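Chemist: Single-letter residue listing:
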Amino acid sequence: MLLRSWAGSAVACLYFVGTAVSAEPNSTHPRVPGFERFYAAAPDPDDEDAPKLDPITGGRLLLGELNCTACHSAAEGMKNVVSTKQAPILDEIGSRARVGWLRDFISKPHSTKPGTTMPDLIAGLPEAERGDAVEALVHFLASTGTTTDAHPDKAGAKRGQGLFQKSGCLACHQPLDAKVADIPTSVSLPDLGKKYTVPSLMAFLKDPVKVRPSGRMPALGLKDEEFRDIAHYFVTDVELVSNVKFAVYDGSWDDTPDFSKLKPVSEGTCAGLDLTVAGKTGNFGVQFKAFLKIAKGGKYDFHLGSDDGSRLTIDGSLVVENGGVHPHTVKSGSKMLEPGFHPIVVDYFQGGGEWTVDLEISGPGLNRQPANGFLFLEAKDPAPTAARPGFALDASLVDKGRGLFASLGCASCHQMKQNNAPIASTLKAKPLVDLKEATGCLSENVAGKLPRFGLNAKQRAALVIALKGSTEEPATEKVHRTLASLNCYACHKRGQIGGVEEARNPFFESLQKEMGDEGRLPPLITGVGDKLRPDWLKHVLLNGADDRKNYMVVRMPKFGGNNVAPLVEAFAAVDLNLEPLPKVEFPEPEYRIKAAGRHLVGGQALSCIKCHDFGPHPSTGVRAINLTTMHQRLRPEWVNRYLRDPQVYRPGTRMPAAWPFGKASIRDVLNGDVDLQIAAVALYLADGGKAAVPVGLVREPMELKPVDEPIIYRNFIEGSGSRAIGVGYPERVNLSWDANEMRLAMIWHGAFIDASRHWTGRGVGFEAPLGDHLIALAPNAPLAKLASPNDPWPTALARESGFRFQGYRLDDKQRPGFRYSFAGLSIEDHSVPVTKAEEKFASLERTLTITGTTADPIYYRAALAGKIEKVSDNEFRIDGFLTIKLTGAEGVIVRQAGNQTELLVPVKLVGGKLVLKQSYVW
Amino acid sequence: MRFSVPGLAVLFVAWGSLLAFAADKPPVENDFYRLIPFEIPKEIMLEAGGIELLPDGKLAISTRRGEIWMVDKPFADPPKDAKWTRFAHGLHEVLGIAQRDGWLYATQRGEVSRLKDTNGDGKADLFETVNDDWQINGDYHEYAFGSKFDRDGNIWVVLCLTGSFSSECKYRGWCLRITPDGKSIATCSGIRSPGGIGMNALGEMFYTDNQGPWNGTCELKHLIPGKFVGHPGGFKWYDLPEVKAVMGPKPAEPVSGSRFMTEAAKIPEYEPPIIMFPYSKMGKSASGVACDTTGGKFGPFQNQMFVGDQSDSTVMRCFLEKIDGHYQGACFRFREGFGSGTLAMEMTADGSMFVGGTNRGWGSRGPKPGALERLVWTGKVPFEIHEMRAKPDGFELTFTQPVDPASAGDVKSYSMSSYTYIFQSAYGSPEVDQATPTITSAKVAADGKSVRLVVDGLKAGNIHELTAAGIKSAEGLPLLHKEAFYTLNRIPK
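Note that the protein sequences, when read in sequence, are chains X and G.
Counting from 45, one number per residue, gives the positions in the first sequence under the working numbering.
Counting from -19, one number per residue, gives the positions in the second sequence under the working numbering.
Derived from the structure by calculation, the hints contain no laboratory data.
What you are looking at is a predicted structure, and each value in this text was computed from that prediction instead of being measured.
Don't take every hint at face value.
Said to hold, decoys possible - Residues from chain X shown here face chain G by an in silico Cβ test under 10 Å; the list is partial: (1) E558; (2) C655; (3) P704; (4) R767; (5) G807; (6) V808.
Said to hold, decoys possible - Straight-line alpha carbon distances no greater than 25 Å define the calculated DSS-like cross-link-like pairs of lysine-lysine that follow: (7) K707(X) <-> K452(G); (8) K216(G) <-> K557(X); (9) K103(G) <-> K60(G); (10) K267(X) <-> K289(X).
To be verified - Covered stretches of chain X (chain G as the covering partner; in silico rule of three or more C-beta atoms under 8 Å from a C-beta of chain G): (11) 645 to 653; (12) 754 to 762.
Every residue gets a Cβ at the ideal spot worked out from N, C-alpha and C, and that includes glycine.
For reference, chain X alone in the conformation it holds in the complex (with noise of 0.2 Å):
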């Protein structure tokens, strides 16, 4: 089977994971998506179209995220041939990792983060001396800081599980779904919730590039409380331990209280500021109390929230005054606070509705972050329990792990600042170019005290390749390496190569469903040095990019400007097309051409503004990418060849061939010259954002004013449901039939209806009535069959109580009489306007003719209201404003039906028939 694209089939990709590639889900080899994805299995020599990919790229990518160059010395011309991932910042790590991962990771980092690029620095230590090295190297690390928990979410964990599904996350990560198979390109993801807790891994996810500056993971650009929301989702076990006294007052204030003067109802301990030891939702106040833990002197500010109010003091001095009765408000204060223990209160109050209060901290060293993980019981560090096992540092441990983070080698890969200056490793390897198959950290099994990568046969055999080989790299090999190690390729197909796989697809969503795989996955960049001007290629690879929010569910996220701006220039080298624009003679002055150009993208020409949007203005169909944008980052001759035949460039783009067979579709503009008429639509969107909005984006009202007749409009009316039949009467009085129900929906005066919702663009929704006075009757058909008087008027739909909807009659003045049949009766439901002249507003006579004969007794509804006042015989005011008389009718019954009044007519037919009129006056 040949395949020339990600999409294959079903059973080729079946054949791909299950033997092409060596998908060893146990396997603790180091995983690098591209070279898994590229290098690892041998090409299909059946696909004739299979890219060739040269051998030597897959070593130099291993030499790179493995970081080899780190401890073996590269040459100039090697250098040049790799992309070294620098492994992560320790600088801060103790505030970031939880202790007990660190232990872990350090004695067992390949069954730890199975997939690891972290070589194993412990096993080649003598067996006595592991268990010590490691608890030396954990107290080195934790010195540096310490995490904080954060009480967990499961609403915001739910969120968190979406966010991660189609953010983009699984574009290189595996599903956390164990039902779904091991993907061989995922990058590894340890047991996040072990490592991190909620507030360390919202801060790595808000800029990865900090602490791993080499891009590999990049920054999605979420807002703050959407990172929360997957940190939560990730951080899900957390044992809360009691660090705050608190005190329980009963009360109703309108500021936060003095509760000294109090007498507390309850007192305790709890996690956190826990509203929950109220145990009631309003009228209360509660007053936290605890000690604060500064670990670094300086200046802290703290921000507290709270719905009602709320006051934080510490140390006896009022830090945050934040009091009042108010929806959730934050506000802020500081203060100087020296290392050690501070007396913290939190004091607050709640009246009714909502209730919340929280307490976030940032100072030297710490970013914003719940307070709660510095708040304790006591003035002193608290003895270790089951669920925080005790950790104090040792000040000799630190020592002697300082020393080993620099000898066994940590500090070949690891920036680790102390006092400003980073270790430096004392490890000594040889330089690259000395290396040998086989030996050292290349053997089969590596001995000694070398690091351990667990690297298998391919992964080897590429490196020797690597080191081997020449250090010569054409510019498209290194563009092709460097998207291979930032693992671009996950998203993006580039020529034949790249692009989401199979396995990944269905995590990738579209907001505009009908614009299919475009929609929805990352775009095509092949020619992408072409296609985007350098500034906005710099733009997108440097800042993200969300252009396709309308659509595409996933947004280019950002890998840190040292590691992509070289792209720019790379891209541009090789993809750059030079041939010119054509030469085009403006027959006119260019306003004119201008004017040209704008009516070409509009409504009555090419149309382009039905599927993109344009400025402010939603398309009219899909939301396909703005218009006004197209000048700043495109190049205006890779458009000009684009706009010729856009399949070229997008193979099954939804975008026509405006100039189908290098042929104008518009003829009468621009003589119908394909090439004026291009250039047109460039110096026309030319002017971006000021560019006048063409013709057919803005919906205008279509007002259907009947004058001579009355103008029937069959449609989705709001109120009137999706069979909805609108008559509007010359005598500025209106109606709506429900031919679902068989019901008279709604009477109203004035205007009739805006026609425009659903005659311009796709007619999506239902449309209300236009004018005023707009008075909606009882739901459900008028009629029914009530076995007593006393029965409840039935609310099953009406088609499914036996009724058939007939159609209509125009009389002779065009006014409809509809039609239905119900028990083997026929009606006839016909109103006409009638005005008089003492009346401002035309009132109606409605007439229903019942027809056929029935045993049943059937009952005609003709009022169900609030209230329901009788006038004289048969004339009644309903709700106040809306008098109905009625005609033919005998034996009306008012009744009650819940909170509402029913206006009920026996249906007596006299030889086969009656006709019953009301009149409705409003």
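With chain X fixed as given, assemble chain G onto it according to the hints.
Modeler: Relative to the frame of chain X, chain G by itself:
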């Protein structure tokens, strides 16, 4: 880009095009099939959804805005003084009209209705609901396309899914037959987003469906009562007793990511597309369906079918044959340049094809918001591939005119590629399973009217795209349209 002397530049452009015409110009579509546009009065928004020629010689056109217009003298050429009168208004997006016994039947979103002018004032005054057994929720995508009467007097209605993805209320994603006495019969499941419905010369029913979930590209499908045509979104309605009675039990659901013919082999109820229109090569939104039953008045393509494309504003031509009891066949380009997005198509006995269009909501190459045009044969026969028939070892091409044996007998005059689309629940599909079959011999028949191609590497289930760029007619002309796309579901034995 600089403004230059205007007069000179205009002259230059005009001079250029004059030169182009002076050259020995190859024939163009208009030489054989001529478009006669109607001038539509400005106050009428003719987004034509249905067309029917009435016994009194007037042409009725139904619109998306719910009007029905009558045009007198529709065959006038040019139709300059045609009189437009409004027969009805206030209907809900009428996508199909047909007349019988003095009634005009109209398929609206919510029902099939019939309309009559009982007082002779030229306007309908009686609007009877014939059948409204299906439901609508208020989603704009809930379109209903209605056919003409079949030989039993039924109107067939194809109902778009809710939002074109799922079936949120009764019969969305189904085809119903509405009998002369107003009953509905569940007929086919598996509809996604239809664009038109029509019969072949034998009165069998076909409809077009559009690229989306379970439709890798746009297609022509055969509506055979009891069959499932691809999108399982509406399967829940098999549970209704009235459906079960005529359709039998619910079929197995197709496996997403598979191929059309793979699933057809497993699911007996599944009737795969009979012609796939390769996406963007042959349009992007297949629409109306018509058949030339005029006995030669429309040129050499008797009994062939024609399918519109809304986004490209074209009409395509389809040749169908039956292999193992199932239709399949080839599509060809036929005529481009319609004024708006092709939607409704109606062939009349004199050999005219009326084509109506709209480009509201979905853009089209033809720029007008609405259009009505008549396409007529000029009497000149274009040099075209007339039929493309599958053979066990290749294809047989027949031509509308004798071929030049030298070029037509040279395998280098042809090239072929093949591919298919993924049958999947995700939207659309790229082309997959590409192959390059080799044409090993091309043998011209003695009469010069057909060529037998022997092809190495035919692949059942693939569309075989043939380009016959090198062949010439006996008169030395190139083909008017060089490409043919054969949906080779089955290779004949």
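Chemist: All hints are to be evaluated individually against the structure, with a verdict given for each.
Modeler: Cross-check of the supplied hints:
Because the beta carbon of E558(X) sits about 7 Å from the nearest beta carbon in chain G, less than 10 Å, this interface hint is met. Taken as an interface hint, C655(X) checks out: its beta carbon lies about 6 Å from the nearest beta carbon of chain G, inside 10 Å. For P704(X), the interface hint holds, the least distance from its beta-carbon to any beta-carbon of chain G being 7 Å, beneath 10 Å. Nearest Cβ of chain G to the Cβ of R767(X): about 5 Å, under the 10 Å cut. The hint holds.
For G807(X), the interface hint holds, since its Cβ comes within 10 Å of a Cβ in chain G; the closest pair sits about 5 Å apart. Here the hint on V808(X) is kept, as its CB sits about 5 Å from the closest CB of chain G, short of 10 Å. For the hint pairing K707(X) with K452(G), the CA-to-CA distance comes to about 24 Å; that is within 25 Å, so the pair holds. Under the criterion of a C-alpha separation no larger than 25 Å, the hint pairing K216(G) with K557(X) is consistent with the structure, at around 22 Å.
Annotation: proposed proximity of K103(G) to K60(G) holds, straight-line Cα distance about 23 Å (limit 25 Å). A hinted pair counts as satisfied when its Cα atoms are at most 25 Å apart, and K267(X) with K289(X) does not qualify at roughly 33 Å. Coverage of a stretch by a chain is defined here by at least three residues with a beta carbon nearer than 8 Å to that chain's beta carbons; for the region 645 to 653 of chain X and chain G the count is 6, and the condition holds. For a cut-off of 8 Å, the count of residues in the region 754 to 762 of chain X with a CB near a CB of chain G stands at 6, and the three-residue condition holds.
Violated hint: 10 only; the structure is consistent with all others.
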